[in-house]
Each structure stands twice: as structure tokens, then as C-alpha cells.
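*Asks:* Now for the letters of each chain:
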Amino acid sequence: MTPGATQAGETLRRPAPARLDPEAVRGEFPILRQTVRGKPLVYLDSAATTQKPRAVIEAISRYYEEDNANVHRGVHLLAERATRAFEEARVKLARLIGAADPHEVIFTRGTTESINLVAQTFGRTRVGAGDEVLVTGMEHHSNIVPWQMLCEEKGASLRVVPVTDAGDLDLDALEGLLGPRTRLLAVTQVSNALGTVNPIDEIVARAHAKGVPVLVDGAQGVPHLGVDVRASGADFYAFSGHKMYGPTGIGVLWGRREHLDAMPPWQGGGDMILSVTFEKTTFNALPYKFEAGTPDIAGAVGLGAAVDWMSALGLPAIAAHEHELLAYALEALAGVPELRLLGRPRRRAGAVSFLLGDVHPHDMATVLDRHGIAIRAGHHCAQPLMRRFGVAATARASFAVYNTRADVDALVRGLHAVREVFA
Amino acid sequence: MSDLTDLYQDVVLDHGRRPRNFGPLEGATHRAEGLNPLCGDHFTVYAKVDGGVLREAKFEGSGCAISKASASVMTGAVKGKTAAEIDALFEKFHRLVTEGPKAGEEADLGKLAVFGGVHEFPARVKCASLAWHALRSALGGKAEPVSTE
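Those protein sequences? They're chains H and F, same order as listed.
The numbering of the first sequence is our numbering, which starts it at 1 and goes up by one.
The numbering of the second sequence is our numbering, which starts it at 1 and goes up by one.
Treat the hints as calculated values from the structure; they're not laboratory data.
Virtual Cβ for every residue (Gly too), placed ideally from N, Cα, C.
Among the clues, some could well be false.
To be verified - Sample of chain H residues facing chain F (criterion: CB under 7 Å; computed from the structure): (1) His360; (2) His362; (3) Val367; (4) Arg370; (5) Gly372; (6) Gly378; (7) Ala392; (8) Val421.
Isolated chain H (complex conformation):
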């Protein structure tokens, strides 16, 4: 079953309305109706994982109730339906990110696995002793550790693009770090800790001018801003389903066809092979070369439903709502005495990290939790970034399309309560 050859799966596409209705959107998320400690749930931890709309939950249930079978193998009707649903999701994802060809969309467990896949295949063949791999100071551990491990294995060095006090990447320093031994640059589209939006198109252009391929971590980028992978010029793009209103356990690695074709296979097993003998095994074509074993079929179906759901709202409308909300939040937070935001980047999306006086973020989070408010306290899997700003941990409020001004107001009230406890 080749991707792209699906027939009756096209969803009816109406033009998306320009502005979304926040209350109506919120109403599609069953989990948000609950109370926490007697108060309405105010969920401000979407950078950790997003909540799921009913449409996604139902798509997964429906798959198991009506269509479940293993994919790519069977000749029976259920196998046909499962395979179609799975491959349709792939096509939807390719369309979402602007990929030319669904064969370039590899299903993985998530961003972390996607990056490990690239490090262990493309990385292993491209990076040798004395070479350099370039990451940035604001990366999530998932976009640091696989490269560290590769460098350790190969005798290469990990170099780091510094972060300015404002929380932006130092692009002049980047220029200096793109050297003759640089084999790859790994950079995030949006920082999960600071919310900084990096100028990916420009960064890729600079890297390519020096012959350096680029992997972009799109985990926070896709849900808040979207991407056009061809226009950006990126060589690889990785993201997670559960950060974009889809289920956990599924994600995507997109790579340029010429890279994926040249890369050796990763995990060995069923599906990624054409023929197996004990003497020799030949490998399957893309994308299956990198999809060993039975995939998370339900996860892919759920992710496809998340793509449909986002597309129906329209990514521009989602981004506009979130942008307004973030601006409202930044202003509201500025009014809280002793509140210190981390960074003031040129462009921000999705998240804001902050400190309140000398109250430890962990204590802040406990007090807020008692008021029904869920934030994240800690290093946000970005310990180097925390160290760069001289803190062990921060509090982080992160927003998604289902958040409203009422959520921000509740957070501000909660922060005043925190101040009272620790006055």
C-alpha cells in the first residue's frame, strides 16, 4: 500500500473561519470540565502535553471499535481499512508540514525518538573523529543528549550556540561556530522553556551557506506556528503528536528524500524489510525502511484526527488566538509585584517562564495546584538553559488553543495567593 494512493479519505474542507470562538473551542475538551481541589481546572501545562479534543478521542475509540487490524499485510477488509486510515494520517501530516512527498514522513514515538534516529543513522555516517556537531544553549535535553552521545562515540566535539540575555540565539556567534568541521546543526523552532521563536529560515540559510545540514526540533513549533518544511529549507524536522492535541506515543520525523534514501536503516525487524534470508536481507523503501515492527496505528489515526481538527480551526486562527492570549498574559504578569519573566525575546510563542520573589517554583506550583491551576515547575528538560540564566528552576505557564483570558486571570489571582503564603 503506497502512501498517497488513498481514495475516499479526503476530509471535506470548508474554508476555516478567521477568528475562533475560545469558549466553543474549550467546550470540545472533555477533560477541562473537571474541578481540581474544588476549583475549576486551569490547565497551563500544554508545553508538557496538550489536552485532546473529543474528535481525537473518538477517532481512536472508533478505530478500535470498527477498523482495527494490522497494517500493510492483510488481504481482508479490516486490514484494508486499518492500512488506509494509517496511510491517510501520513498524507495529512505531510500536507500539514508542507512536505512534498508523504514518503518523507516517518512515524516514530515522538520528537526524542526522531532525533535519536537521525543521530544514529545520518549522524553516524556523517560525523567522524575531530568533527563538530552544533546545538544551541536553549535546546531541550532531547536535542542535546543524542548529539552528545554521538560525539562521544565518534570522538567529535559538541559546540553550543550561545543564548543572549534576552533569550534569543546569538546569530553572530552562530556564524562563527559554523566551521569547516561542522557536520550538523540541531536547533529548536520554539523554546519549550522560554517561548523564544527562532528565525529558522534565516538560521537554515546561514548553515547551508557553510554546507551544514540542519535538524529542527518542531515539538513546540508545529502546534503554535506550523511549518513549511520545504520553504524553511530544513534537512530534518521532528515533532510529537501529544504536543499538538494528538495522543502520546506517536510522532514524526520528516527528512529530505535524498537524506532518507542515503541513510542506513535504524531498527531492524518486520515491515522494514523486502526479503529476509539468513544469508542476506534487503531493506524496504521509504518510509517503511525506518518503521520496523507494528506501528502505533491507533496513535497515527488519532494524530491524523488532530491534524484535521487543527486544520478545521485553521493554523492562522490558532496562532492569532494564542498570540493575543500570550500578550494579555505578559501584561497581566507584569502587574504582579516581584514577578520576574525569564527572557524578553524578539518573538515568543506558547510559554513563559518566570520567578516570583524568592519563592521556589516548586512551592509556587503547590500553592497554585491548590487553587486548581496546573503549571510546571523545574528545569523543563533544559538544564543548560536554566544554568545560563543562573537559576535551578523556574515556573512555567504554557498556553494552547483552549486557554482563555479567564485562565490568565486565575493564574494572576493564584500568584497573589502565593505571595500571601510566603509573605
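Dock chain F against the given chain H, drawing on the hints supplied.
*Replies:* Relative to the frame of chain H, chain F by itself:
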């Protein structure tokens, strides 16, 4: 429903703000580091043991109000005790912070009883226990920092 005041009692807040026995310990015979990687609590605990009895304990580092207060109260509570007594006290403290106050144990716990509310905040148990793990590691002569993970 448990109240924030169950966790952040006045004594706890006081010890968090103005920790007792805070700073390096001259002539310490034992020391160990404790780290809670989840939230960044990081303490070094020092002890001066003489004739099998802990004469003095101090601590340094940074962390949340619960971990700091716990370390502070702990350094007072373990003074004059043997390693075996400290172990026994820790057992009672650990029960307190994971299960809650138990009849008959309050007298033994003394000041430590202020952490009776922690058990209703499971995410904070590690904060309350960190300094204790570090102290026991120090007395056990272990070299590597102890972690809550």
C-alpha cells in the same frame, strides 16, 4: 480537603526563610550532597561525629521551602544522637511524610511533627526527605551525591 496551611505551617515557613544551622561546618567529619533533579533542590549536609554521637550538623545549598525547612529542623533534631538513633528517627519521619501522623509517635518526633501535612502533598515527599537521605549517606560514608531519583 487538605489546606495549604497543613503544609506551609508557620514553623515550616519560618525555617524555610531563616534556616537554622545553615552554612559550612568547620571540622566536619562527614559530608554528603543531596539532589532533587526534578526541581533543583541541592544541599550539602555536614556532620561532626565524635565518640559515635553526632555533635553538630549543618547544611548549605538551595531549594524549595519544604526541603530547606526540613533540612533546618533535621539538623536540630539529630544533635546528640547516635547513627542508630538517627536511623530510627528517620523511619518515623519517613512514615510521617508518606502516611501522616500516627498516634504515639508525636513525642519521638518533636519538632519534626510540623511536617505532618506533607503526606497530603505526595509530590513534595521527596523535598521533605532530601536532607535526611543526604545525612544518612554522609554517615554511611558514601562518596557520590545522593539523589531522590
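*Asks:* Does each hint hold? Answer for all of them.
*Replies:* Right, here's what the structure says about each hint:
| no. | hint | result |
| --- | --- | --- |
| 1 | His360 | holds, 4 Å |
| 2 | His362 | holds, 4 Å |
| 3 | Val367 | holds, 6 Å |
| 4 | Arg370 | holds, 5 Å |
| 5 | Gly372 | violated, 12 Å |
| 6 | Gly378 | holds, 5 Å |
| 7 | Ala392 | holds, 3 Å |
| 8 | Val421 | holds, 6 Å |
Hint 5 from the earlier list is the only one contradicted by this structure; the remaining hints agree with it.
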